[in-house]
Amino acid sequence: MECRVLSIQSHVVRGYVGNKSATFPLQVLGFEVDSINSVQFSNHTGYAHWKGQVLTAEELNVLYEGIRLNKVNHYDYILTGYSRDTSFLEMVVDIIQELKKANPSLVYVCDPVMGDHGAMYVPEFLLPVYKDKVVPLADILTPNQFEAELLTGRKIKSEKDAIEVMDLLHDMGPETVVLTSTELPSKRGDQFLVALGSQKLRKPDGINTNQKICMDIPKVDAVFVGTGDLFAAMLLAWTHQYPKDLKAACEKTVSVMHHVIKRTITYANEMAGPGKRPSPAQLELRMVQSKADIESPAIVVEASVIQTS
Amino acid sequence: MECRVLSIQSHVVRGYVGNKSASFPLQVLGFEVDSINSVQFSNHTGYSHWKGQVLTADELHVLYEGIKLNNVHHYDYVLTGYTRDTSFLEMVVDIVQELKRANPNLVYVCDPVLGDHGSMYVPQNLYPVYKNKVVPVADIITPNQFEAELLTGKNISTEKDAVEVMDLLHAMGPDTVVITSSDLPSRLGDRFLVSLGSQRHVRPDGSRTTQRVRIEVPKVDAVFVGTGDLFAAMLLAWTHHYPNDLKTACEKTFSVMHHVIQRTISYAHELAGPGRRPSPPQLELRMVQSKADIEDPAIVTEATVIS
Numbered sequence: 001m002e003c004r005v006l007s008i009q010s011h012v013v014r015g016y017v018g019n020k021s022a023t024f025p026l027q028v029l030g031f032e033v034d035s036i037n038s039v040q041f042s043n044h045t046g047y048a049h050w051k052g053q054v055l056t057a058e059e060l061n062v063l064y065e066g067i068r069l070n071k072v073n074h075y076d077y078i079l080t081g082y083s084r085d086t087s088f089l090e091m092v093v094d095i096i097q098e099l100k101k102a103n104p105s106l107v108y109v110c111d112p113v114m115g116d117h118g119a120m121y122v123p124e125f126l127l128p129v130y131k132d133k134v135v136p137l138a139d140i141l142t143p144n145q146f147e148a149e150l151l152t153g154r155k156i157k158s159e160k161d162a163i164e165v166m167d168l169l170h171d172m173g174p175e176t177v178v179l180t181s182t183e184l185p186s187k188r189g190d191q192f193l194v195a196l197g198s199q200k201l202r203k204p205d206g207i208n209t210n211q212k213i214c215m216d217i218p219k220v221d222a223v224f225v226g227t228g229d230l231f232a233a234m235l236l237a238w239t240h241q242y243p244k245d246l247k248a249a250c251e252k253t254v255s256v257m258h259h260v261i262k263r264t265i266t267y268a269n270e271m272a273g274p275g276k277r278p279s280p281a282q283l284e285l286r287m288v289q290s291k292a293d294i295e296s297p298a299i300v301v302e303a304s305v306i307q308t309s
Numbered sequence: 001m002e003c004r005v006l007s008i009q010s011h012v013v014r015g016y017v018g019n020k021s022a023s024f025p026l027q028v029l030g031f032e033v034d035s036i037n038s039v040q041f042s043n044h045t046g047y048s049h050w051k052g053q054v055l056t057a058d059e060l061h062v063l064y065e066g067i068k069l070n071n072v073h074h075y076d077y078v079l080t081g082y083t084r085d086t087s088f089l090e091m092v093v094d095i096v097q098e099l100k101r102a103n104p105n106l107v108y109v110c111d112p113v114l115g116d117h118g119s120m121y122v123p124q125n126l127y128p129v130y131k132n133k134v135v136p137v138a139d140i141i142t143p144n145q146f147e148a149e150l151l152t153g154k155n156i157s158t159e160k161d162a163v164e165v166m167d168l169l170h171a172m173g174p175d176t177v178v179i180t181s182s183d184l185p186s187r188l189g190d191r192f193l194v195s196l197g198s199q200r201h202v203r204p205d206g207s208r209t210t211q212r213v214r215i216e217v218p219k220v221d222a223v224f225v226g227t228g229d230l231f232a233a234m235l236l237a238w239t240h241h242y243p244n245d246l247k248t249a250c251e252k253t254f255s256v257m258h259h260v261i262q263r264t265i266s267y268a269h270e271l272a273g274p275g276r277r278p279s280p281p282q283l284e285l286r287m288v289q290s291k292a293d294i295e296d297p298a299i300v301t302e303a304t305v306i307s
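Residue numbers (my numbering), protein chains in the order written: chain A, 1 to 309; chain B, 1 to 307.
Derived from the structure by calculation, the hints contain no laboratory data.
Mixed in with the good hints there might be a few duds.
Derived lysine-lysine pairs resembling BS3-like cross-links, with alpha carbons at most 27 Å apart [claimed, not checked]:
id	chain 1	residue 1	chain 2	residue 2
1	A	Lys71	B	Lys51
2	B	Lys51	A	Lys101
3	B	Lys133	A	Lys276
4	A	Lys262	B	Lys291
Could you build all of it, start to finish, from the sequences and the hints given here?
Spelled out as C-alpha cells, the structure:
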C-alpha cells in the first residue's frame, strides 16, 4: 500500500495527543505519515503544568515550502485536528487547496475541534474560519454534537435532527460526516452514547446514494485526551480500506477506540490504586501496548444502517 | 514491558532521520517513547532544499521543565544523536545528569555524531563537549571509526587498534561501545565492512570482564540517511533484551539494519528506473514497510566473539 498522509497537529513530548496520537497507529497500518507539528509541548494541557512552543503560520508556510521545493508535495490524505490560531488555520487551508490542485483525489480528513458539552474551548473567531473555509474543503468530518450544531446553527434533540444536521454538513462540503458522540438517548440504556455517520457516494451512473448509520458506544467513566485524534486517524485508515462502506469503516474505528480505551482505563486504575481517581499522566492512552488491536481490531460495536437512499 | 525512552533528536516532516527514524521502531518493539524534537525541518539536508526551525537550548530546557513540574521525569533510557549546537548539547548533558539522579539505573545511549570518512561535519567546537562532558555520562555509544579515533586521539589500522580504542572509550565512561563501521578489511572480502563491539561487565564477585565482538556487514552501494539513528535506537532495544550478551544484541541490530536497507534499496531502484541513481526522496528508509523485520529480525549477520 503506497499511501501518504500529511498530518498537521500538535506534538507532545510525553503522551498521546495530536500527532503523537495519530502517527503511530497510521504507521502500524502501513501508511506513510508526514507530520508537521503545530506546537511542541511537554504534555497535553490537562496536566497540572505544561510548557512549550507554538509554530506560527509563517513557520508552517516555510516548512511546506521545503516540501514543495523538493517536489514531494503529493499526498493522498491530509489530517488536521486541534488548532487555536486563525492565521495558522488559514495557512492550513491554503496548503490544502494547493495540495488538492497537485492531487485532485486528495482526501482531507478534518476534526473541526471547537468545543464540547455546550462550550467552546477554542477562541470564538475560529468558528467562521471553520465554517466558511475549512469545512468546505473537507472530505471527511468528525464533529461532536456541539461542533455539528455550531457549524450548522441547528440543535440536535432527536435522531431526525441528527440526520438533518449531517445533511446540512454534506451541503457544506464533506461527503462523509461522523457525529462522534451525541447526547441522544441510546436504546441500550444510559451506559451507552449514540454516534451517527453519513456518507454520500456518487455511483458511476452519476446517481448519488447516501448511507446513514447509527452506533451505540459503551460509555467510559473517565476523561481521556487524545481519543478524538486517534478516532480521526483511524477513521482515515478504515475509510481508506472501506471507501464505500461507512458501516464497516465505523465499526472498525469505534472498535479500535474501545480496545485502546479499555486497556488504558484498566492500567490507569491499576496505577492509581483502589478508590483513587487516575491522574492525567496515568490516563495517557496505552497506544504502543495496543498495537495488535490497532492492526486488526476485533469488532465489538455494530453499526445499524438507519437510512439509505 | 514498561520501558520509557526520552529521545532528543531532529524531526523531519518527511522521511526518516532523527526522531522519525528512532520512534516508530522503538514503539513497534513496545517501548514508550517520549520525544523532544531538537529541530523541525521539512526533510533531511541531503535533499536539494530543506527548510525549518531549530530549538534553542533554552526552549529545550523549558520543555524539560514541563516534564519535571509534572513529576514525570523518570526514564529508563535517554537517546541522542545528531546535534550542531554546543549550548544545546550542554543542556542535554544537564538534563541527562538530572535524569540519572532521578533514576540511577538510567541508560544513556549516545551516538556521538561528529563526522565520517576523515572529516567532521558538525562545528569543531562540539568535539570537546562530546569528549569532556557527553561521553563521560554515556552508557552506550555508537561512534563510527572516525568518531572513535577523534574521541580517543588514536588511529585504527588493525583489529588490535580497534580493541585498544574501545578500551580507551570504556575508560572515558560507557560500558558498551559499538564501532558501527570501520575501514578494516573483512575476512569475507571487499563487499563487506567490519564493525566491532565491546561490553564491560562487573561480575557478582566484583571482577571485570569484557566481551568483544566483530561483525562482517554487507556493504551497500548507496548513501542512506537516518541509518545511524535507526542503528542506535535498535541497539537500545536489543541491548535492553540482551543486557549481558552483546553478540546477540549486535546480531539483531545489524540484521534489522540489513532488512530495512535491502527493502529500501530495492524500492529506490524500482522508483528510479534502470541505470538511474535513486534520489534522496527515493532513498528514504522503508520504515513502516519493515515493521515485521523490526519486530522479529531474522538473523543475517553473525557476530564473532574476539579476544
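Checked hints:
1. With a C-alpha separation of about 13 Å, the suggested pairing of A:Lys71 with B:Lys51 holds against the 27 Å cut-off.
2. In summary, the hint linking B:Lys51 to A:Lys101 is supported, as the alpha carbons are separated by about 22 Å, within the 27 Å threshold.
3. Only pairs whose Cα atoms come within 27 Å are accepted, and B:Lys133 paired with A:Lys276 is rejected, the gap being roughly 43 Å.
4. Straight-line distance between C-alpha atoms of A:Lys262 and B:Lys291 comes to about 25 Å, which keeps the hinted pair within the 27 Å bound.
In this structure, only the earlier hint numbered 3 is contradicted, and the remaining ones agree with it.
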